[in-house]
Every structure is written in structure tokens, then in C-alpha cells.
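Dock chain B against chain A, hints included.
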Amino acid sequence: MGTHNYNFTEQFEFTGKAKTLSIIAIVIGIAAIAYGFSAGEHERTFANLLLMAYYFACVCMSGLFFLAVQFVAQAGWSASILRVPQAMAKTLPIAAVILVAVIGAGLATHNLYHHWSAPGLTDVNSENYDKLIDGKSAFLNVPFFMGRQVVFLSVYSFFALLLTKLSNNEDLEGGLNSYRKSFKYSCIFLVIYGFTTPIFAFDTVMSLEAHWFSTMFGWYNFAAMWVSSLATIAIIIILLKKSGYMSWVNNSHLHNLGQFIFGFSIFWTYVWFAQFMLIYYANIPEETVYFYKRFDQYEFWFYLNLVLNFLSPVLLLMDRDNKRAENILLTVSIVVLCGHWVDYYQMIMPGTVEEHHKFGIVEIGTAAGFVGLFTFTVLTALSKKPLIAKNHPFLQESLNHHL
Amino acid sequence: MSNIKYILGSFGDPDDLMHGIEQLQANNIKIHDVYTPMPIHGIEAKLGIKRSRLDILAFFCGITGTMSAFALIYLTSVVDWKHNIGGKPALALPDFIPIMFELTILFCAFSLVGAYYASTHLFPGRAPRVMDLRATDDRFIIAVDAQTNVDHGKIDGLLKDAGALEVKHNERKYISYE
Chain A
12 MGTHNYNFTE
22 QFEFTGKAKT
32 LSIIAIVIGI
42 AAIAYGFSAG
52 EHERTFANLL
62 LMAYYFACVC
72 MSGLFFLAVQ
82 FVAQAGWSAS
92 ILRVPQAMAK
102 TLPIAAVILV
112 AVIGAGLATH
122 NLYHHWSAPG
132 LTDVNSENYD
142 KLIDGKSAFL
152 NVPFFMGRQV
162 VFLSVYSFFA
172 LLLTKLSNNE
182 DLEGGLNSYR
192 KSFKYSCIFL
202 VIYGFTTPIF
212 AFDTVMSLEA
222 HWFSTMFGWY
232 NFAAMWVSSL
242 ATIAIIIILL
252 KKSGYMSWVN
262 NSHLHNLGQF
272 IFGFSIFWTY
282 VWFAQFMLIY
292 YANIPEETVY
302 FYKRFDQYEF
312 WFYLNLVLNF
322 LSPVLLLMDR
332 DNKRAENILL
342 TVSIVVLCGH
352 WVDYYQMIMP
362 GTVEEHHKFG
372 IVEIGTAAGF
382 VGLFTFTVLT
392 ALSKKPLIAK
402 NHPFLQESLN
412 HHL
Chain B
150 MSNIKYILGS
160 FGDPDDLMHG
170 IEQLQANNIK
180 IHDVYTPMPI
190 HGIEAKLGIK
200 RSRLDILAFF
210 CGITGTMSAF
220 ALIYLTSVVD
230 WKHNIGGKPA
240 LALPDFIPIM
250 FELTILFCAF
260 SLVGAYYAST
270 HLFPGRAPRV
280 MDLRATDDRF
290 IIAVDAQTNV
300 DHGKIDGLLK
310 DAGALEVKHN
320 ERKYISYE
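Note that the protein sequences, when read in sequence, are chains A and B. One rule links them: number in the working numbering = place in the first sequence (from 1) + 11. One rule links them: number in the working numbering = place in the second sequence (from 1) + 149.
Isolated chain A, as found in the complex:
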């Protein structure tokens, strides 16, 4: 322990290579989406847009969740890295607008959610009448569905902006007022978030195959978004550290993030497996259809998903020294992020493009575009404020963090 001389006014400058590359990635994304539409593959392009918009929103949402968990747990170790999840939370409104736009456009053009929103499904006299969907139509109808999306995402965005504003006030005024308020609003947020994310996941992804349902699906998605967000936070911090910022982050902070990624990768596998095993064991046709499709048409992706999201973090992050090593943690975080793309891919594609799934320009381009957009927006938000919350009450504990 000892006193440190860190520069508490250090600010990230978003210029140069990072900015150029993210803009290039956005251009590639727009080109790929334009290509997808011009080649007549509307459904495939919409599926990819939904995948990446959902991924983008989930990572930002879970950044806010990270922030709230730190406040509610009164965690000290993370006080000096909170600006990174704050920047992600601040980006949530943008992500929310994009997700709602994609979902709205997909519904309007019947490229998404046609399992429950196609015309005539709930009309008894129509030849398309579907009794099951008619039974679910009190919940799955366009106004209520869009209403839920808008309400959930705006409530999350409201808390995101509130928590970042309080942190801003703390910087200006000091004292414990902002911290106490952050604690209170984080508690409220976590209750709301805990009850609404499963419904959010049911709506956005599970209703793509509206005849099938799984009560585990909400937590399965929650685990996926939480672990991918942790990996993102780790990547941003390591890259900032490598380019000379955040000199106060030591390998104990990385160790904590590594433990989080390791633990929640196993949690993801646990929930994934719980959903799989119950369906496998019960062997009821209306449930097994979900995995039948994935075994039959997506076998490679199905197994790749487990390798990337379970085996690689378990084997690479089990060792204590690996969690503390910048480069290994960076590699695993990138693998996990790619892994959850694969995870979302085999959640979304069978309910949209069915057996006509492809992996090509549209997939890679859309993913690159959204990665670029995420980098651009988050780094812009990050560059607005100093990289450390200098009046956070637990800052000294975080600076002296040792594990």
C-alpha cells in the first residue's frame, strides 16, 4: 500500500486510428446491409440487423447492470474503472433507438416475427388461422409488443442517464450525496431489470419461433448479455491501458474481471444446459422442435457455440496467472464476444431464415458495422469525461486494490 500520484483529470482522446477504423467499419456495415437488400435477401439482412441491434443493446444494458451491481454491492475494487461501463450505459439510448427501429421495420415488412404477426393468423375465417397463436395474441400483438419494447428500453435508458448524471455531479460537488442517490436508484433499477429482462428476451428473440417456449430462455439470454458485456468492459480497459491510459488499473482489477468472465461463462453454460436437458429428458415434440432444427440444420454452429462460450473460457481462464495476464484475458474476451455472436446466431436464424442460413458478406459486414458503431459511440461518450470518478468514496480502495 502507499500513496499514488495518478492524474485524476486524465481524459481519453478519441482520435487517430481508433476513430478511422470505427468509421471504416460503420461504412462496411452500411455497404453490407445495402448489398443484402439489393441482392433481394431482405429476411436474411433483417435477421442480421436484429442480431446485431439486440447484441448492441444488450451489451450497453449490461454495462448499466454492472454499474448498478457495483453500487448496490457497495463494491470498492471497481471504483476506478466505472467510467467504462458508464460510457456503455450512456450509449444505451442510441442502441435502444436502433433496436426499436429494426424491430418496427421488420414487423412492418413482415421480415421478422412472421410466426406470430403474419396476416390472418388470429382470424378464425382465414385459411392461415393458427389456434396456438390466436391463444397467445393477447400478449403477442403488434401494439402491445412494440409498447413493451419502447417502455423497457426507455426505462433502462432513463436509469442509464440518471446514474451517469449522478456520477457527473459527484465529480463537480464531491460529498456522499450522489453516491447515496446512486445506491438508491441502482436498487430500484435492479429490481426492474431483474423482472423485465426475461420478458425483453422472450419478446425480442424467443417470439421469433412463437409456437415454442422455454421459461429458461430469459435467464439464458441474461447470462449471455451479462458475460458479453463483461468481456467488452475487459477489452476496453485492456486496450486503454495498452495505449497508455488508466495507469491505475493493476492486474488485480483484471483478475476480478477475469473471475467474472470465467464464472459467468460457466453460469451461461449452466443455464444453457438446464434448458437443453429438460427438453431432452422430457422429449415432448412441441419442445424438442427447437433443438431438432438446430441439430439438423445448424449442427456446426451448435457445437461451435459450446466450444467458444464454455470450453475456451474454462480452459484458458481457470489458471490464476492467466486471469491476471493482459493478453490472455484480451484473447479470451474476444473469443467470448465472437462466441456470443454465434450463440445469438443460432437463436435467431432458425426462426427467421430457417434452413436457408448463410455465413457471408451480410453477416460479417453487419457485425463489423455494429462493432464500429459501438466503438465510435462508446469511445465518444468515454472521451467526454475524465477516465476516473475522482470523488467516488471508494476510490482509494480501488487504487490500492490487491488480490
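Calculated from the structure, these hints are not laboratory results. All C-beta atoms, glycine included, are put in the ideal place defined by N, C-alpha and C. All the pointers check out, no bait thrown in.
To give a feel for the contact side, a few chain B residues facing chain A, derived at Cβ under 7 Å:
{"id": "1", "residue": "HIS190"}
{"id": "2", "residue": "GLY235"}
{"id": "3", "residue": "PRO243"}
Negatives, chain A to chain B, calculated, CB over 10 Å:
{"id": "4", "residue": "GLU54"}
{"id": "5", "residue": "VAL111"}
{"id": "6", "residue": "LYS142"}
{"id": "7", "residue": "ILE203"}
{"id": "8", "residue": "LYS252"}
Dumping the calculated BS3-like pairs for lysine-lysine here, alpha-carbon to alpha-carbon at most 30 Å:
{"id": "9", "chain 1": "B", "residue 1": "LYS303", "chain 2": "B", "residue 2": "LYS199"}
{"id": "10", "chain 1": "A", "residue 1": "LYS396", "chain 2": "A", "residue 2": "LYS30"}
{"id": "11", "chain 1": "A", "residue 1": "LYS253", "chain 2": "B", "residue 2": "LYS195"}
{"id": "12", "chain 1": "A", "residue 1": "LYS252", "chain 2": "B", "residue 2": "LYS195"}
{"id": "13", "chain 1": "B", "residue 1": "LYS237", "chain 2": "A", "residue 2": "LYS304"}
{"id": "14", "chain 1": "A", "residue 1": "LYS253", "chain 2": "A", "residue 2": "LYS176"}
Frame of chain A; chain B shown alone:
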């Protein structure tokens, strides 16, 4: 040789204790062990204590549990008495996983509790090993082996200079052995 086995420096403050350790180490006096009522960050590195091998033990106990569970299910429901459950093959691996998972944790947890008791001599019926009872309460103790470090006066002086509230010369290693 004197009858004194251990010299104990009793400190009231962890910072003084750290200072005492530095003083002894600077004078090449080997420290037997340090007892504190609470964990002190960085003390392992300062004393050069090797990393615990608990994780290695945990791994092997866990894997023993996994294999025991697999052997149990395999021998009972694949080799000895096959059941037809939902028309699945007898060796339906996904069904085995929850049991394998639970036994992994059970074996791991039980053997680690056992290993903890064995290594700290806290097994029921065994006397605990305590050099100074106040190390479990409010004092920070540095223990120096008095048999191998003969210059007792110098050790006393170093400990007192570093801020020891009390220096004891114990003729028995563990005062808790009655």
C-alpha cells in the same frame, strides 16, 4: 542453550508489524511465522510464503467426484440394469451430467473442509496450535525461533524498536497444549 523456544513480538498495529518484519529481515533474522487476527494485504509476498496448493487439491478431488459419479451411473444403469427412459439409449450422457456435476461439488467441498481441518489442526479432539492467545483477538504476533537465532537481546531490541508492545520468551511452542 537456554530453554526458550520462541520469541514473540506482540504488536498492536499492523503497520508496526510490517515494520517489525522489515527490521528482522534487514538483520537476516529468520521469521518462523506471523499470526494476525485479520488478513493483511501483501504480507504473504513480504514473508515469501508459497502459494497455497488448495486449488490443485480442489481440482483432483473434484475430478474424483466426477469419475465416481460416472462410474456409479454407468455400472448401475448401463452395465447392470438397463432402463428404458423415454426410449433413450442406456448411455444417455446429458442425463448423467447433473449427477456428475453435483458429486464433483460434493467431493470437492467435503475434501476441502477435511483438508482445512487437517492442515490447521482443528480436527475434533485435537488441541489447536496457538502461540499467543491474543493473536486471535487484538494483537499481531511475530514468532522467531529462539533455538536457531541465538542473539536474543538483539531480536528483543529490534522488535521493541519497531513498536512491539510486548516481547515474550516462551519455553513452549504452543501455549494452547495443556
